[in-house]
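Chains A and B supply the protein sequences, listed in that same order. For the first sequence, numbering that gives the first Met the number 0 assigns the number 0 to the initial residue and increments by one for each residue that follows. For the second sequence, numbering that gives the first Met the number 0 assigns the number 0 to the initial residue and increments by one for each residue that follows.
Calculated directly from the structure, the hints in this document are not laboratory data. In this text, all values refer to a predicted model and were calculated from it rather than measured experimentally. Treat the hints with care, since some could be wrong.
As the list claims (entries may be wrong) - Below, computed lysine to aspartate or glutamate pairings styled on EDC-like, alpha-carbon distance capped at 16 Å: (1) B:Lys163 - A:Asp33; (2) A:Lys163 - B:Asp33; (3) A:Lys246 - A:Glu228; (4) A:Lys163 - B:Glu106.
Residue strings, one per chain:
2 protein chains.
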Amino acid sequence: MDLKAYLEKKRVQVEEALEVFMLQPEGLLAHHIDAMRYSLFAGGKRIRPILCLAVCEALHTDPEPYLRLACGFECIHTYSLIHDDLPAMDNDDLRRGKPTNHKVFGEAEAILAGDSLLTYAFELLSEPIVGNGLQPDDQLEIISLVARAIGPLGMVGGQSLDMKSEGHKISFETLRYLHSCKTGALITAAVQTGAILGKADDEQFAALTTYGKKIGLAFQIVDDLLNVEGSAEQLGKAVGSDEKLDKATYPSFFGVERTREMAKDAVDGAISSLINFDTQADPLRELARYIYYRKK
Amino acid sequence: MDLKAYLEKKRVQVEEALEVFMLQPEGLLAHHIDAMRYSLFAGGKRIRPILCLAVCEALHTDPEPYLRLACGFECIHTYSLIHDDLPAMDNDDLRRGKPTNHKVFGEAEAILAGDSLLTYAFELLSEPIVGNGLQPDDQLEIISLVARAIGPLGMVGGQSLDMKSEGHKISFETLRYLHSCKTGALITAAVQTGAILGKADDEQFAALTTYGKKIGLAFQIVDDLLNVEGSAEQLGKAVGSDEKLDKATYPSFFGVERTREMAKDAVDGAISSLINFDTQADPLRELARYIYYRKK
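Chain A with its partners taken away, still in its complex shape (with noise of 0.2 Å):
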């Protein structure tokens, strides 16, 4: 299959959703509605819904009719990035190539665009899906699940741990742990979404939570790798030279031949989770092998 053209193809699909769902700048509130759309519209590859998507098809279901319930991992995605970028956490000015949020809009507006995006994604959760059998106690469950991925044991205390250690020496435990509530547990959700919607028997939903679980882990560790590489392009150093990095990742422990290793075992776990799924499921066997192969 090309997974490029699908990659696009559901991207645009996504897109065009959020367009349609996201509330548009007008009236009293239309300065706080821009400072939500800047960052949701800035570009972003969709990777999260689409995993939703796909599932959906993994399980030989029609994904259309939960569009806008999949935008809402978008809206949680774009806030955490938000939240991320301001100068009392990783203070960036640039995001995507563009200046931050709170660099356009300033730090208040910044924070409680982030804070709207994340109410706005349980409002999309939660708004009735007419004519297509999915069950309000379904839904219901869709919702718990992703606030616990996202909350103080998920996301956000993830970056609080992130926050908390930087400039500390922290064991490959705690860089593991830290890994799993801040990037792994909204894509695990994002996944688990998917099966839910699909209605995936316990089997399916165990296999999947696994793929999930494991994409989520390559994701960060090839992120890890990725600005790694990168700092080194940048600074005309050799690849690896931990010693310079002020932060723990995978290649500060294992070196980046051994990181490599690690993100291609787990890419490798996630498409062996899918045994027992038909080629529907071959765009979820394609976006692990993407994520291990991906240049940004």
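Starting from the known structure of chain A, arrange chain B on it as the hints suggest.
Chain B alone, transformed into the frame defined by chain A:
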């Protein structure tokens, strides 16, 4: 009825429920959970969860199974206070006589503690409620109405508008809209949630919605009055010296006397809306009066 005893009994009940349903500061994320708990257990009056429970009772429904869900409103209220106090927003050092969250835990952790409290609220709102006859679609409706009330067109939008209006002349219409979003929406949502939990019919739901909106309005008008009177006491100047205020308030538009009348009108309107409710709604009636006569 003895409102003081009622409020104290309910406050203790909510306090105990918060203790049961809030996370404990354990493991790697103990610091983060400490930051959440610091503000959550800083001695609030718990008015929003109490309103939700009191509405249940007004509808002859035992609110006990809904304590966890009602705690969600306190998490949301606390998150909004933490973010409002941030240096980039109102830059307050004290809240309820104690150092604000960012003064104790730093700005990054305060932002994250707020994010987690908001997210945790949706966890509390979405967990299955056992053995009480609440239908999953009713619970979905609650989540949806809460998300709308506190999102971009509700509470967060109101705070954004408030920030944007600082130092500018705004019309009374803008002030009224700002208040209805920033303060009124969450209070109304707590009341409407109680109405759904108590299986209100359409007429009861409409009456309770009016009640919620009117007490939300009264709450904000009285807040404005207390601020003016508080400043006056502190500054040793005459009450109602509008020109000293750099923020638009009800007294700055109408003077203190007319503002007090407007608060009284709102409270009377709230009480009138309950005309078809029996004595089980007396706590709601007394709560409306309490808002008018409160001193802080």
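Indices of hints not satisfied (ascending):
none
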